[in-house]
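K.L.:
Sequence:
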Amino acid sequence: MPKLLALITLQAGRALFPPGAEVDVSDDEAARLIAAGFAEPVTAPVAAPAESEDVQLFRECNAKAAVALIDGTTDAALLAQHRTVEQDRKEPRKTVLEALDARVAALAAA
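The numbering of the sequence shown is this note's numbering, which starts it at 1 and goes up by one.
Check before you lean on any hint, since a few could be wrong.
Mimicking EDC-like on lysine to aspartate or glutamate, the simulated pairs with C-alpha atoms at most 16 Å apart in a straight line are [said to hold, decoys possible]:
1) K90 - D71
2) K3 - E40
3) K94 - D75
4) K64 - E40
5) K90 - D54
6) K3 - D24
7) K3 - D28
8) K64 - E98
9) K3 - D27
Derived DEER-like restraints, expressed as beta-carbon distance ranges [as the list claims (entries may be wrong)]:
10) D54 - E22: 34 to 40 Å
11) A50 - E98: 39 to 45 Å
12) C61 - A12: 16 to 22 Å
13) S26 - T95: 58 to 64 Å
14) R89 - E22: 44 to 50 Å
Honestly, the hints are just simulated from the structure, not real lab data. Because the structure is a prediction, the values reported are computed rather than measured. Every residue gets a Cβ at the ideal spot worked out from N, C-alpha and C, and that includes glycine.
Please model the complete structure; the sequences and the hints are all you need to start from.
P.N.:
Okay, here's the thing in structure tokens:
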């Protein structure tokens with residue numbers, strides 16, 4: 001039996017399933033509900049890739065240590081990951097973002 005995600009309130013027997021609820025239905029009923037736009041198939045969640053040790057270290061260090069890590073990095077992809085981590089912080093550190101931009105520019109010019 002396929003599992004569906006209700007997009008509207010669905011009734012199965014006496015049970016009501018509000019929008020966002022997962023519902024098990026027969027194959028025929030699943031096809032009908034999906035075609036009508038009342039539900040969509042539940043897909044397996046995609047696991048986020050594990051952070052590298054470098055990214056974890058960058059996430060946990062203070063601004064001075066972050067700038068030191070940036071200055072020693074020659075991997076542009078790693079610098080891009082560091083930038084994403086920094087931008088996702090509640091309060092991104094301006095000095096760290098500036099150091100990242102300067103290091104990326106230096107690598108591009110080399």
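K.L.:
If a hint holds in the structure, say so; if it doesn't, say that too.
P.N.:
Status of the hints after comparison with the structure:
1. K90 - D71: Between K90 and D71 the Cα gap is close to 23 Å, so the pair fails against 16 Å, i.e. violated.
2. K3 - E40: holds, 9 Å
3. K94 - D75: Given that 16 Å is the threshold and the Cα spacing comes to 21 Å, the pair is violated.
4. K64 - E40: violated, 48 Å
5. K90 - D54: violated, 20 Å
6. K3 - D24: OK: K3 and D24 at ~5 Å, within 16 Å.
7. K3 - D28: Judged against 16 Å, a Cα distance of about 12 Å means the pair holds.
8. K64 - E98: holds, 12 Å
9. K3 - D27: Distance ~9 Å between K3 and D27 Cα, so the pair holds.
10. D54 - E22: 34 to 40 Å: Holds: the Cβ-Cβ distance is about 38 Å, inside 34 to 40 Å.
11. A50 - E98: 39 to 45 Å: violated, 28 Å
12. C61 - A12: 16 to 22 Å: Violated, at about 52 Å.
13. S26 - T95: 58 to 64 Å: holds, 59 Å
14. R89 - E22: 44 to 50 Å: violated, 34 Å
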